[in-house]
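Below are the chains, spelled out letter by letter.
2 protein chains.
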Amino acid sequence: MAARCLHLAALLSFFSGAVPFPLGPETGKSPTCGYESCHATQPDMLNVHLVPHTHDDVGWLKTVDQYFYGDRNDIQHAGVQYILDSVVDQLLKNPDRRFIYVETAFFYRWWRQQSSSMKQTVKQLVEEGRLEFVNGGWCMSDEATTHYSSVIDQMTLGLRFLNETFGLCGRPRVAWHIDPFGHAREHASMFAQMGYDGFFFGRLDYQDRSERMATKDQELLWRASESLTPPMADLFTGILPNGYNPPDGFCWDQSCDDPPIRDDPELEDYNVDDVVNRFVAIAKSQSMVYKTNHIIMTMGSDFQYENANLWYKNLDKLIRYVNAEQAGGGKVNVLYSTPSCYLQELHRANSTWALKTDDFFPYADAAHDFWTGYFTSRPALKRYERISNSNLQTCNQLEVLGGPDSRKGPFGEGDSQTLKEAMAVAQHHDAVSGTEKQHVANDYARRLANGWQRCQVLVSNSLAALSGSTAERIYCDNLNISVCPLTEASKKFSVNVYNPLARPVSHPVRLPVNGSSYEVTDANGKPVDCRVLPVSSSTKETDLHPPPPPPGPPTSIQNKFLRVTFDPDTGLLSGLSNLETKQSVKLTQNFYWYNASDGNDALSIQPSGAYIFRPNSSTPFTISRSAKTESIQGVVVQEVRQVFSPWASQVVRLYAGRRELELEWTVGPVPIGDALGKEVITRFDTDIRTSEYFYTDSNGREMLRRRKDFRPSWTLWQSEPIAGNYYPINSRAFIKDEEDQLTVVTDRSQGGGSIHNGSLEIMLHRRLLYDDVRGVVEPLNETSDIFPEGLVVRGGVLLSLQPPPRAADAHRPLAQQVVLQPLLSFTEGELHPDTRLEFSGLQAALPPAVHLLTLTQWDEDSLLLRLEHQFQKGESKVNSEPVTVNLQKMFSTLKLLGVSEMNLSANQWKDKMKRFDWTPQTGEKPLLKEFPQRSVWEVTLRPMEIRTFLLRVR
Amino acid sequence: MAARCLHLAALLSFFSGAVPFPLGPETGKSPTCGYESCHATQPDMLNVHLVPHTHDDVGWLKTVDQYFYGDRNDIQHAGVQYILDSVVDQLLKNPDRRFIYVETAFFYRWWRQQSSSMKQTVKQLVEEGRLEFVNGGWCMSDEATTHYSSVIDQMTLGLRFLNETFGLCGRPRVAWHIDPFGHAREHASMFAQMGYDGFFFGRLDYQDRSERMATKDQELLWRASESLTPPMADLFTGILPNGYNPPDGFCWDQSCDDPPIRDDPELEDYNVDDVVNRFVAIAKSQSMVYKTNHIIMTMGSDFQYENANLWYKNLDKLIRYVNAEQAGGGKVNVLYSTPSCYLQELHRANSTWALKTDDFFPYADAAHDFWTGYFTSRPALKRYERISNSNLQTCNQLEVLGGPDSRKGPFGEGDSQTLKEAMAVAQHHDAVSGTEKQHVANDYARRLANGWQRCQVLVSNSLAALSGSTAERIYCDNLNISVCPLTEASKKFSVNVYNPLARPVSHPVRLPVNGSSYEVTDANGKPVDCRVLPVSSSTKETDLHPPPPPPGPPTSIQNKFLRVTFDPDTGLLSGLSNLETKQSVKLTQNFYWYNASDGNDALSIQPSGAYIFRPNSSTPFTISRSAKTESIQGVVVQEVRQVFSPWASQVVRLYAGRRELELEWTVGPVPIGDALGKEVITRFDTDIRTSEYFYTDSNGREMLRRRKDFRPSWTLWQSEPIAGNYYPINSRAFIKDEEDQLTVVTDRSQGGGSIHNGSLEIMLHRRLLYDDVRGVVEPLNETSDIFPEGLVVRGGVLLSLQPPPRAADAHRPLAQQVVLQPLLSFTEGELHPDTRLEFSGLQAALPPAVHLLTLTQWDEDSLLLRLEHQFQKGESKVNSEPVTVNLQKMFSTLKLLGVSEMNLSANQWKDKMKRFDWTPQTGEKPLLKEFPQRSVWEVTLRPMEIRTFLLRVR
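As given, the protein sequences belong to chains G and P, one line each in that order. Residues in the first sequence are numbered from 1 upward in steps of one, following UniProt numbering. Residues in the second sequence are numbered from 1 upward in steps of one, following UniProt numbering.
Note that these hints are calculated values from the structure, not bench results. Any given hint could be a false lead.
Which copy is meant is left open, because identical chains are indistinguishable; a pair holds if it fits in one copy or across any two.
[What the hints assert, rightly or not] Below, computed lysine to any residue pairings styled on SDA-like, alpha-carbon distance capped at 25 angstroms:
hint, residue 1, residue 2
1, K93, Q114
2, K914, P230
3, K929, P804
4, K93, T352
Note that the structure is a prediction, hence the values are computed from the model and not measured.
The following block holds chain G by itself, in its conformation from the complex:
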């Protein structure tokens, strides 16, 4: 066999000065949208802002398209096409009425089916502020299980559509995450950088809410980054009064049963007085737990307003009859409003607000109801979403590098848009979160697969353009279970390796083959180290390979950086040493399962489910106290293969020349013959003195310190000793003491905790027998025709042992390598001799602190580029400093004609971004700091900063 590598390290560079691009369409008349379109309020009264809204899940019990069309109403009555039809009709009936719309994935579907006159009508409504977009991303993303890269992408996709369709009036002023189950600090930071003036949400810990109600701190200032200079990541945050529902007795949707306002005195049951009295009482009561003489009421809920007339007809009456009381001295003023109009009044109040610097995880809505299960739910989908992001970034980059031929070339028509939309949909808070029904999870996966199919054509076209070869390229998506028909059958083939990172990486390539001896050469024809290994027993079971030779048990493996020891009696890991730094820690690792509560106990009827994690005992069961082990030693790689049970195994893998240890785990099908739901964890027990602290990342970026049985914001009463100590891990977690930091880099989002001193556990897989009564009405069992026995999941964690001051220098690039993996493509037989075997899009590797976050075609002659400083302030001695990049010197093949900086979501010029300023209770109003820039091409990045550019290219 002869494998050749085509190295594409990264990307390009340009010429002249900044060029203004128009953002969105020009509109004929001067619009009065935004804050100017708000209704007047009464300074000496209690103003009640009624916000008509619908919450439209981009998939949950039904698929996104089923929701759009109103198909499968037997599962759930919901049809977004009708919601938008109806709301537009009703807005036209009364200019006072307002509506907000949130999910662009749905709005986009609807818009493209409208006539031009309807489009004109809707534009008019938007320009008059009667229809207002809030949030405006493609979906309302999950906050616990999403990676910042994909969140930024999905927000950009949605906001771009709004911008291009509606211009300035289409830009949302407010972020609106009314449903996600806990709130990530990194999300708040991103929203601030996207130019939002404020943020509203509905769910927070019930204890946190109680305390905030008592202190009137349900509206606060969230300082969402320890690295970015305030107010860059400051975000005004409001907690809504009833989740996102209307107050009791005032739901007038077709899905509700509350009494309508019956104001015809000639009919039975006239109830205007009763309605007014109940409403005024509720309004006054609500005003007691908020700070100003303005309160907000969310008049809507899931998929409401399909028949908006019901809502508006009654709201019109409510406003009329309550305000009529003012003539007799009533002090309540009700108005149609929007979150931004409400926010404007809070801003005008010129008050000071509690400052918050931690996050809102975990979320519990009752003492035994911790929403920490979904951090891990559907681990296979979570991994597929993550690898799809890697593929999408590669696709985006190659679309830029390959030029127009990428989209239409020798392999047909390809695009990145399909995968962009599929990835955007997958960020929804019932998508990658794992809290959807099984058939919907299948739909998300199918969309990603379809998107990747379209990208494969684009990638093939692009690589053909860059290499000069139109030989067919094969993609092997199942290499994780050692399946690749081409490599298994071929005598001679070439491998193309595309690296989407902005610096060279060393990447071990593992391919399934059927021969016993292969010759591998690089692009220059030089031999490459390789080794033929037997597949592991867990892979065999998956894929019916022949049995491997049985090697003897090891006591240790090591390379020049790491030494790993095993307990000879149990076969378990026993220690890890960094040979460079001369650190050593005791390290025992094993697999356990918590017995999921079935809801049948005295404390609470809450079972574990897709959302909720609730073990019925704090002590997990050990799957096996010892492992059957085999070891394979070699120059390229050393493996110790551990079998714990027929459904739990692991390969401990150490590559030559690598500073991290890989643990590849395989779990499943989780047995349920004993009628017990199981939540499987891997646990690392060390002698690191953690003092109840451990650390987790937020959406793959900044780290947050966690402490056992503790919340920074309030005095916690801990009622779930395990579930209440779980936090989302998106890319990494670590434990440390003064000497040692053990960082675990994960390949997907997972939940984890540090329950014992020196211990870190990560939940890998869950199989549950009961629904957890949060609406999904399915146990998280994950059986299907393909997996009748239950799902087998495989994944990897990387362990890095470093002294704390040097740990980030290792885990930051390591985590990015896991997020953006090289893409392999294969060509059968001999390559044409004219084939170009190496290409780099970049003139040179970017500095170690700089991550190429986004490179994607924006339109015909412009690109979107995001550069990111990937280190936190103070995290690294060498890398936590500002770093400057010259854009013109970046790319090897692209001619840059102009550059303009934008906000993070690319829907506003950076220099036009003016946000509301807010004063924290604890200090001065922070003012935005302007940094001088030498030239438009010289881009300085400070720790954790992301800068977004629109580049005009030729």
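Dock chain P against chain G, hints included.
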């Protein structure tokens, strides 16, 4: 005590010639409503008429106002205000769309809340035929349990509103009874006389339907009277294909789960081809069981179109995509249509149609599911509805006779409109039918009571004007249980008796008193026969009266017309003789109960319920084989009081000078301690040789012959020997042979049958423990706070024994006396000496064949008058002849300025009434016969004819 009688026998008479009154408002532009507004069809294709419609029950699970407002959606999701809002909106979006509306009780409520611009919009839609009224009565009346008088009134009320609001375009062309549970011939006759071109319904016996499908006779010509000359009572009748629902898979209401048309090829689940194929298959299959190349599909159902967009958006697409197939040779043409447009195409087909002369009772939708229980369900409500009609007719007459002072006079403001509307609502097929929930039944009764309160003021004002006395008048509505506080306490009072019939009647007045000796005088001061009787034991239990003296058992009672014998051993009736005609029959009467099926048997799971009658055995249980009896003999009245059990008793009562025997039964609370539902009957067993025949009236008018286990229209397979032989009795039933006819006149609608030779049974009361699964979701248990033990019901049947040729001469006037009873009002103490004590509205009694059906104020200077020939053709030797009345000689106090004849429902001039002509399969097309008339004032009535006049008066 001195009681004085104010006799008002009947009503007035007039002057000059006919005067045309405008009907409805003049409209600005020439309307294109009606048949001209129908869409074009394709002669060489199968035309599918899609009829968007909603079926809005005027009360059922919720009250009429709850339905209107959409209140109590927890019981049933339904809000008519929103339906009309939404339909109008959607009609405006596409001029091709059509909608029909049916129930004016709802439309009227909605209309009065609309702005003038909305009213103008709706008028435009009506004038363009886009919104079309069908049926158009206040409600869609029940056909089994309604009296023709109230049906005509409720139709008049609804149609008048449409006429006055929309003019010619508001006149429905089609009668539309899609939901009533069986169809009465008299209803068809009335519809014909109201000018309808055709009639559509949804429910008929499943065996009947099968046969008609096979013979393509689901569309037919119904000859609905044996007396009226064809085509006067000929009505084209169509049976709808799916009840009134859309075909399977094509329900796009918000209440349905069928897949919407997903026609965006870029989204998942594109299904246009599938939808088109399914629809074409259904259309072709449906066309196989109908006669022409036109078929109708009812696209709607109960309370649908609350969000009409869902329906219309998908129907638009359906029409577009199915008709698009025509370009490729498709032969199906789909169009928006209405029942009248469909009817027009059937008429154009110029075919001949099966002739039907019987009716559609009883209705069974499966072998053990006979809808014959509701004939009796809620007997107390059924009686209250009937007496309310009597009160309303009195109120109407006195409004005319008393003049404007009636509505505003010494007792305040009164009106007849409230009771008119309450009575109209009560005709609904889930109102007087007894098939509503308990709280809704209570609401109907409350409305009738409210209406009667308003009428009492009017009646008091009118009587004050006519008598010259403003002394307070008291009304005793509980005389049936011997409650009247005034007469029970007063030493001296006067009684005013108003007789709403057009001829003098003798009417025994029974009043509760506490003294033992009273003097009664008439208007002239002459003594009136009277007798103080103890109240019966059943009345005592109801009202806590002291016990009566116990008289001994009788063996017979008699007056100069009748002799009634009793079995001395059992106390039961044993014989009845007409002493005038020297007829004698054996006559045993007793009370029995059928054990209601609980649905727990091998044949069927159908239980008895509000709709369904299903005894679990054909043999009823005898309540008691013997009765404890008491008798009271006197000059005025003789009574034998029979006690069968603590919950069943009877008074056999014979008044001096009366030719009928009264049986006053008291049944209840029906015991259910044995957990058995009970359906209580009274049964008359005679030696009349009935040969399996018996006779029942249709809506209180023409008689129909019934035969055991037989249907005139098809070969019956009888699967329920009792329930399948039950028929509705509205006012009377009889059995006869050559010599003897025993007629039973009832005081309310009831079910009954003749199961054995010589036997006639009538169901009196039902108490059931299970719901019968037709939607009401309540057992017919009739308990409430007032009647925690269950309902006690009292009623009366009158027996008349005559030779058959003379029977009608007795039962026709007798039944009218039961329907229109004298109204008693009371004045405490001495009357002012100037009080006028007698008044008659009529110059003289009308001829015996003529019934004054309607006399009511129409507007300020006009009245509505209906005169009726109350005998069938050939029924009576003396009375079944044409009879002429001179209107100018009728009334005593009214000056008639003009007269114009109208159709039966008073929404069209009689001479403008041109209906579609239809040819029966069995003969020539009948042509309407014109009878010459001597003058406009000379009105000739032929058997069973009702003539309707608008009179201009001064």
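Hints and how they fare:
no., hint, in the structure
1, K93 to Q114, "both (19 angstroms within a copy, 13 angstroms between copies)"
2, K914 to P230, "within (14 angstroms within a copy, 85 angstroms between copies)"
3, K929 to P804, "neither (31 angstroms within a copy, 110 angstroms between copies)"
4, K93 to T352, "neither (39 angstroms within a copy, 51 angstroms between copies)"
Hint compliance for this structure: hints 3 and 4 are broken, all remaining hints hold.
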